[in-house]
Amino acid sequence: MGRYIARRLLWVLLVVLLVTFFTFVIFFVIPPVDPAILFAGRAPSERLIAQVREAFGLDQPFLMQYGLFLKRIFLGDEYGWPGFGMSFVTRSPIREQFLDRAFVTMQLAVGAAVVWLVMGVLIGITSALKRGQWQDRVSMGFALFGVSAPVFWLGLMALYIFWEKLHWLPGTGYVPLSEDPSQWFLHFLLPWVVLALLFAAFYARMVRGSLLESFGQDWMRTARAKGLSERKVVFKHGLRASLTPVVSMFGVDLGTLLGGAIITETVFNLPGLGTYVVRSVQSGDIPVIMDVVVFAGLAVALMSLVADILYAMLDPRVRYS
Amino acid sequence: MRKNTLGALALLLSFALVVAACGDDDATTTTAAGGVATGGTFRMETDGIAYTSGGDPSGEYLGISFGIFTNLLARTLLTYYHTGGAEGNTLVPDLAEDFPVVSEDGLTYTFTLKDGIMFGPPLSREITSHDIEFAFRRMAVESVVAQYEFYYDGLINGLVLQETLPDSIAGIETPDDKTIIFNLTRISPDFVYLVAMPATAPQPEEVAGCFMDATYGRYVISSGPYMYEGTDELDASSCEALTASGPISGFDPANHSYFVRNPDYDAATDDPEVRANHVDRIEIDLNTNIQDTFAKIKAGELDGAVSSGNPPADVLQDYSTDPALQDRLKSGGDDRTWYITLNLTAAPFDDVHIRRAANLIMDKAGILQAWGGDISGIVATHIQPPALSGLGADYDPYATEGSRGDLAAAQEEMKLSAYDTDGDGMCDAPECSGVILINRASGPWIEAEAVVVASLAKIGITVEVREVTDHYTQIQTIANNIPIGMNAGWGKDFPDSSSFVGFLFDGRGIKAEGNYNYSLVGLTEAQAAALGVEFGVTPSVDADIDECKTIALTDEQGGLDCWNNLDKRLMEEIVPWIPYLWPNILTTIGPAVTAWDFDQFSGVTAFSKVAVDPSLQN
Amino acid sequence: MTAVTGGSGQHSEAPVGPIAVTAEVIGRSPWQLFVARFRQDHVALGALGFLALLVIVALLAPWIADNVVHHGPNDLFIHEPVKMVNEFGLPLGPNEQFWFGADRSGRDLFVRVLYGARTSLIVGVVATGFAVVVGVTLGMIAGYFGGWRDTLISRTTDIILSFPLLLFAIGIVGACSSSPEGCFGGLIKPGLQLVIFVIALFSWPNIARVVRGNTLSLREQEFVDANRSLGAGNFTIIFRELLPNLVAPIIVYSTLLIPSNIIFEAALSFLGMGVPQTVPSWGRQLSEAAGVFRVAWWMMFFPGMFLFATTLGFNLVGDGLRDALDPRTGR
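Chains as they are written, first to last, in the working numbering: chain Z, 1 to 321; chain D, 322 to 939; chain G, 940 to 1270.
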């Protein structure tokens, strides 16, 4: 087990390195805005541009710059560890802003995850148990809807109906929990549900599929033959087996969302990492982009590692090879 | 000579009043009469203040920052009455006891400082002439990126951009703590406007000197009635201590600006007509969703907005059509022209007939509609806005019915062009298709884009639009040789034509990057060679600019006729622009607001003139 | 991709493992079985009919614009006598002449939505086409040859799939759109071409994974061995034996990839990083609607409905194809 985790961690590190490397390539080989000109103001002299380049290490060869960037991330900078660096645009340390926004994204992702897990698993079980009946058809119709409806359209429609027309919910934006718990909840409700719908649909399909598959397995028949009640068979044996793939998928999905749910944050105007990175791409704020990419890569890799370990614990058939 | 110069100066100032009065009768003012209560918090949201320098007063260049500094944080030798209309473009002594004493040769300006003006915490010490001198010395350092240092460069004797902080500047003398003397290299009546710019506000060397890389923004020590919340928590004993104790918690350019009263500000040194300072606290929070912001204002959850543009069209419609809300829609004139820039060196706009035809075909009324309709401004017909020049929309060299463009007239003009190869009034040479047009990636430019594209298509010019975020960089980089851009606008830096036509079309100011003469008027062969570009010589108005500047020295109206003639010549002979809009600045205020004013100089809410009734706030 | 584009990305390929191509029953080829099963799926057939209709409408969009509604996609109706914006520049809603109302620029939204179908279909099909060509080639190489080639290709797909894809796409589009020449020395120009390139770049690994899995299981089957022992070269085996057996799964997964790519384009356009305004796109129309949806519901409703119906159609057809291919997953 220990060796397995160590090997997986090395893989995580490799993936993050490669992801950052390619991000670096993209934004340095074809930068949207020359940071030196961005920084040098509206009447730049050649000398000043040269100075700025030097100050940010932009005059260094490509690999050297990449090395400096890695050093900053892993060894920290003057603002602490890990080194988030300094924004080209606001000229201030990224750290505080980044952590604030990561917290918003985390609230969005975790809340949505709870919603979709509950919805997905319940719908999946219902439709597997009622296979072929109307409950099944409604559930799978819902799943198809969730898979097909674009988040940005769902979000706008939901806002139009529940905010503009029915006045049930407040508008968009972020209210901290510490400021006003009920407003916090009401502001997050739509983003959670809209974001969760898509995932709930996938999870419902998956749970249904693997439950149905497990019903046909030998050990399920054995359990039935032992005289266990149908309820017990389903919940104790079938569900456990069919939840294992959910666990491993959940890890990756949550990890991906922690790196920023760009569209949902844009529609609902949440100051998370997703909106941060879109703005930074537009303004050419490369240090911010790199920070978010590293964070997102790490989040995916680590969460899927955790999920794999859990998976292994849930399903003894898996060998660490 | 002395009398002459001073007389011209005084007349210039009074004339600015008259001229501005012509164009700004619609500026709304809620009079801050004696009855306004003090106290409370004025709550605002912004969709993103476009900082040009992270809040560093030396480098901040755009209107919102000018408003924040001149109202709240930074007092300058002279300043403006922070109000709407003509009065808001009028200078008034601020740090200085009076207007400067100008020497007989017109080259030396002497200011005497008022007593009892202090820097706020953590310094809490008297402001001296050395602090003003330091602002100029700091401005001269390249790494500070003082965005409008060029106004002073070469004008003040010995002030040139350099790598390190100069010990002194030959043209700035501080014989004692209360006196500062400027020696100019040439007669420049507009110098008085230059000492009202925020970059010239006093900066304490013991703090600002620690941040020579343009990062003073988050350590700004206030000289005005308010300061960033948490400024008093800075430890100014050394640069290291400053960095360790900072940055100021109340200012995060990407998040919020919170202002509280500066305990060291003495209202007796100020004029309530300049700064009234009713409220105890001003909050500006970032919220990129303007719909949300204006909804909160309507509901009384906010008192105002600091928006980068006007409220969205649905909000304007709502406030204009609902009698209960009408009083809460505020507007002010913006001394600015929005225009489409035409590059004199890029085909097909290198032909004056094409440029004229493009002016004639442009559906300016359609553009205005896309900007939000009549409430948003008036159709621009020439370069300088009426409030600045006194020349109104009645001068329209390309007048068309209803300003919708005139196909017949445009085609007549087109027929004169070589790009119309068969003389049918349509641009049909290969150069006429796929012309790159730069636009902003945001509204209202996006909404207006279809109108511009459709108008040009009527005379055979098909464009390929590039919507880009760094749109100015695109058209400011000469190597790009962008033929046409609809992203451009120019607002006065200070209320004088020398910061408008006198600045924008000076061929000698053309440079490879950060160029402002987008149309490349007056590009010489030598310049083209030096810039390494193949395109060549364009008509020049350099001589006209010099002539107007000379006339301005003695002319009672600051050479206004001359500048206006230059405007006309540009529009008729050179045609570098399609001017389309002289905008109004619009915003809404919350129900709790009891006093509000527009700041003409910076084109935003006069932050120092607002008041609220906390009992009406939600 | 799923998370960020809100589309059905990697999940629609959820059972990534090999899909058993069920063996011959009563002499019918797997392909015949596949077709026969699909024909019985009425829902999927209905969806296919809808998609066919959509393609026809997209093809006929210029004709409909000229002859039915008499409004072009870029015609502006901003002045009397036909004025579809009000004095504040806000669009007016549906009426007899403008069935879907107008957009912010006073254009006929109905015509724009029809033209939007062209953009979505072109992007969906062309980008998926590129992705399939690349994905099938690499997937077969990885699955057939194994060894270092497999390691290289499989790890590359793993890594690409762990990229924050939408972010990368925004980055590349942003970077390539910043200068008129485009990027990679003018090879990729801003606009539709760039969007297709970016989407294809990020969607081939999905196909490659599936194809690799299927190739892997086919490789071990007897007929391949038999051919090899008869002296057939790698080339012959790949094109004569493997590819025909892979056609069905490839069709299934490309069908499921199309809606995902359509949403990808719409998402890019929604973020203002997609096709230019002159090219009507549903995503772009929704992005415009985001600012005014409270007073102009039609701008949000119609493009969104079309986008939704299209992705739903492809998903239904894709599901039907998958069920036909492997009835065990079926309903």
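No wet-lab data here; the hints were simulated from the structure.
Computed from a prediction, not measured in an experiment: that's the story for all the values here.
Yeah, the Cβ is synthetic: ideal placement off N, Cα and C, and Gly gets one too.
Watch out, some of these pointers could steer you wrong.
Stretches of chain Z that chain D covers, calculated by requiring three or more beta carbons in the stretch to come under 8 Å of a beta carbon on chain D [what the hints assert, rightly or not]:
1. 67-76
2. 165-176
3. 245-258
4. 280-291
Which of the numbered hints are not met once you compare them with the structure shown?
The structure breaks hints 1 and 3; every other hint is satisfied.
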